[in-house]
Amino acid sequence: MLKFIKGQQPTDRNCKRKKLQKDLFAFRKTVQHGFPNKPTALAWDPSLRLMIIGTASGAIKVFGRPGVEFYGQHTIESGENAVTKIVALPNEGRVVSLCDDNSLHLWEINESSVVETKSLSLEGKLKKISAMCLESSGEHLLLGTEGGNIYLLNLKTFVMPDNIIYQDVVMQNVPDDYKKNPGAVEAIAEQPGHPDNILIGYNRGLMVLWNKATPGAQQTFVSTQQLESVHWVSETRFVSSHNDGSYAFWSPGSDSMLESSTPYGPFPCKAVTKILVYPTAELGELVLFSGGMQRASYGDRHTITVMAKGKHVVFDFTSKVIDFFTVFPKQEDGKDASDSPEALIVLAEEEIVAIDLNNPEWKMMALPYLVSLHASAVTCSQHVPNVPEELWENIIAAGKAQTEHLYSDKPWPIDGGIILCQKSENDKLKSRELLLTGHEDGTVRFWNASDVALTPLYKYNSSILFTGEHLDVLEQPPEDDEDEWPPFRKVGTFDPYSDDPRLAVKKVLLCPLSSTLVVAGTAGHIITTTISSEPVNKEIKAITMNIVNDRDGFVWKGHDRLPARTTSISFAVGFQPQSLLQLYPPAAVTALAMHSEWGLLAAGTAHGLAVFDYTRAKAVNVKCTLNPNDLSGAGDTPISRRKSFKKSLRESFRRLRKGRSQRRTNATSPTRNTTSEKKKETSSVASSPSGDLSPVELKPVERQVEARPVDDALGSMVRCLYFARSYIISMQNTTPTLWAGTNNGTVYVFTLAIPAGVRRTEEDVNCTLGKEIQLKHRAPVIAITILDGSSVPLPEPFEAEKGVSPGPDMASPHRVVIASEEQFKIFNLPSLKPYCKYKLTANEGSRVRKTGFAKFTCPIEPAGTHEETCLLCLSNLGDCLVLSVPELRRQLNAAVIKKEDINGISSLTFTKAGEALYLYSSSELQRISLSASKVTKAHCALNLPPNARSFPETNNEETQEQGVVEGTAETEGDTTQGSQPDAVQRMIMENGVVGSTGGEESPKESSLQPAASTNDVNGEDDRQDLSSIGDITIDSVKDHLLNSSLFRNATSSEELHSRLAGLKMEVTSRTSEISTQNQSLVVKTTTVVSQTTNNTTANGEIETSQTNETQQMNSTTVEREIRSGTETTTTHATITLPPNVEISAADLANLEITTTTVTTEKSKAPLARPEEVGS
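Just so it is clear: in the sequence shown, position 250 is 250 by the UniProt record's numbering, and no numbers are missing.
Just so you know, these hints were derived from the structure itself, not from any lab. One should not assume that every hint holds.
[To be verified] The calculated PhoX-like cross-link candidates involving lysine-lysine, where the alpha carbons are at most 20 Å apart (straight line), are:
1) Lys771 to Lys623
2) Lys125 to Lys311
3) Lys541 to Lys623
4) Lys776 to Lys837
5) Lys855 to Lys19
6) Lys22 to Lys85
[Said to hold, decoys possible] Pair ranges (Cβ atoms, derived):
7) Lys541 to Pro886: 20 to 28 Å
8) Lys855 to Pro501: 35 to 43 Å
9) Asn627 to Asn766: 23 to 31 Å
We treat Cβ as the ideally placed atom computed from N, Cα and C, and that holds for glycine.
Could you build the full structure based on these sequences and the hints that come with them?
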């Protein structure tokens, strides 16, 4: 070992470690699962078959076939900007959105993200846009306003030309007897077959057929009711819907209304907000509309009515209908386009519902994505990797049996986009991942989490074991009320009301190898179930275990337990209960562990813990953790009964005062500032385990952690439980053990005697308390894990036996990791001597909220893979740390969740592959990855027709590759514009078409700033540098610029030459020049230098080793890697453009040049080190 240390220069080892860290760890937000929070707008692109949803927080989400998802985000200074309307531009992969602040934005759907390319804001109340309509030619967007005028927006330039359709001009053609002001423009619709004719509908019921070419009114239609929407049924007929619940048909050429109908009259009705009518061959006229219900009886219902010949259904939703559209079948070559829609897609506030209109019963369609996770509120979750195929098939079969009568079996109609890089079949088989979510209504839902789309597989309901009101709902026969009017039909799955709060699932555990599921609830009940493919009828008896049996005077003041059913219950195919354990006092279960090989489970509450043998359905042992003098019972109230209110207030004020005085002294001390600066800089670059810490970091300022009171009422709560076989008595033999950690920093170690073989089912399991450890700082113990001889956590039950993971290393001594809220500490076993610790609270002021272990892998030269098991930790500030084991050195620190988002932080679940999922709103899960190799994200693009965006094709696959590699740095915080880091997003690649903005960028300087600043907001460390080598010639840059679209709009060769003549370029040297031109941009080039003599490297090496940590923030950085005589360097150059040339941010990202230089002389000196780049 000594020889090895001497032989390796420390700097060399540090460089290697840094490179390895980069290959192993990287934080990024990847995909979002579930239903968008507060959706506000919906659009359908029938040509590319994409659905677009906008939300109240300004998100734009585009969905095609399952696996095709794109995300974008409106960014404004003032915070959130709700999307109010969306219009898809057919066949272009572009979208126009209208926001709350009356601004319009043009988006392009590119590889894996939606990028905003242009925007325009309209000022003034009268210009507030109230209606939008796209011309069939696709040239203009017609914008109707509240002032009554209609403006045009040229979609190529995103500028408004001067030809405005003024309301007063339109009014000159209206009959003289129509005296009132017609109000805002409520609807605009182009007449099919007559692209110059538009139907303008005004708020007070006036409709005008207007010809844009002449210009002039062709005909006016007057309705007495306020207008809500219009729709052209055919070339000669249109329908209008009104706010009194009626709709009417009209025809150009005839003055009077053809027919009018108020389907739910004659009593006052609510408005029909949108109507669609299709003449079909089979069903006659198909009418679909939202609203129109009778105010008095059904005013609170959210409905969509679908009527056809002899059929009438009112789809009844549990949340407000936002919008809906219909999908027509794909037009196949040689066949006529179908006249009837195949599906109705409805976006409601809390879910999306699809109805199969070809199905005779108009059944719902099963959703492949966008499923409401929060159909009942999520209360806990578990991620299960490597699910065996047999269990997977059984779960899917059980799920199908539950829902086959509800859904039509037609394939999902939204099928736009293409999925890139299809995995090979055996890859698919490898990763079957389940996500289990426990809910407030007692259900556990199983989701397929192996892919981009989170799809529901199966739902287990624990509430059928208990009597109560919820049973009436579960077991009632479906209502066959034939004569009900209106003919309501409940659709959707969103049902947030739980009849009994005690049913809520608190903990859920699935052992995939024994197919055992354990569910623990709020009323101290624990259900053990196994999967079965046969339905069964049986009675389940509850077994009660009293945790406080040794405390005579104990009084429980909380809720009662749930009454178990005493009759025989029929259980369907799927998970069926084997035993029901009821703890007394019936407090919520706070910790749960099971060991399926031993057939044991342990559950902890605020009073103590119970060990249960579920193989024999027999109690094993209980341990009460209550303070001997505490008989009031913890867990039923958060404020201790003994502590007076006055006393606790006084303590709070003291703490505040103390904190303030500490803050004051800290603010003046110089060390404090340097640490925080330092932390900012190194937030994403990990400190390497080889200990090359800068002097500032060597001695972190330790905060004083306050000692906790011993008699805290919640101190008795059991926070974690862990079964493991390890060396606890001596190094000679291993013993099965159970470890428990409590809220006041106590760890109990129990030894278990488990009868072997056949005796297991006949003899009792014995459980005795072996050791008790009290942590000095008394912080809550939130996790305990034993590491084997090679510092890998012990495998789960059956994993070694079934070959899922290698057996544990039993040759070397084991260690136990005890994670408290304030620090991680590792002890040697069996001596329990401390090995090392990592103080999180003392050093960083944050507390540990969640921990986990994950395996990180990366390929290494020549053909191996390197793997490390690390400890993951989420703090209460929303930061994720990756620590190496057993040294506990920090490898990565990433700001993942906003610290205000308490729900997000408490819901996070780590996976064993270095990913994590957390609730990013009540209905959506955000998936993140801390591993550079394991990333679940959408690899998809649009299949655009040639020249869809009318720009010549240039294929930059090289750029794309590079972008993806560079993008592996962290997207810090919440700047995610979708699933990829900014650098990659700005690189606009669409199936080989480089979509750019055509060089017509409004001359806003600010739009250049973010792209030109070399220190990216996202904390990406892809530009870190030491020296710059390589020749960038002015010609190579000119060539590249000629291909890029900023010179494409030059009209003549003279103009082009004059522009190029004004192009000044300098590779920045030591003297930092400040450019006085109006714009400057950074070109990033990758120079590949093939070395034929080795002496050159040495020359470059000297430059490299002078790393200066506290360099200026805007200096650029480069990573040098030397591999087999070839050196790849990234050089930054500044190009200054003449004042008349403008460039867009999109072009900026695409400016990448590759020059290759072969050096043969020894005297090739590297360029001076760049100090500053950019102006």
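Each hint, compared with the structure:
Among the hinted pairs, lysine 771 with lysine 623 is consistent with the structure: their alpha-carbon atoms are about 13 Å apart, no more than 20 Å. Taking the CA atoms of lysine 125 and lysine 311, the gap is near 45 Å; set against the 20 Å cutoff, the hint is violated. Proposed proximity of lysine 541 and lysine 623 is contradicted: the alpha carbons are some 23 Å apart, above 20 Å. Distance check on the hinted pair: lysine 776 and lysine 837 sit about 13 Å apart at the alpha-carbon level, within 20 Å; holds.
Among the hinted pairs, lysine 855 with lysine 19 is consistent with the structure: their alpha-carbon atoms are about 18 Å apart, no more than 20 Å. For the given pair, lysine 22 sits about 42 Å from lysine 85 by alpha-carbon distance, which is inconsistent with the 20 Å threshold. Separation of lysine 541 from proline 886 is about 46 Å and departs from the stated range, judged on CB atoms against 20 to 28 Å. Range check, lysine 855 to proline 501: Cβ separation about 39 Å, and the 35 to 43 Å hint holds.
With their beta carbons about 27 Å apart, asparagine 627 and asparagine 766 fall inside the hinted range of 23 to 31 Å.
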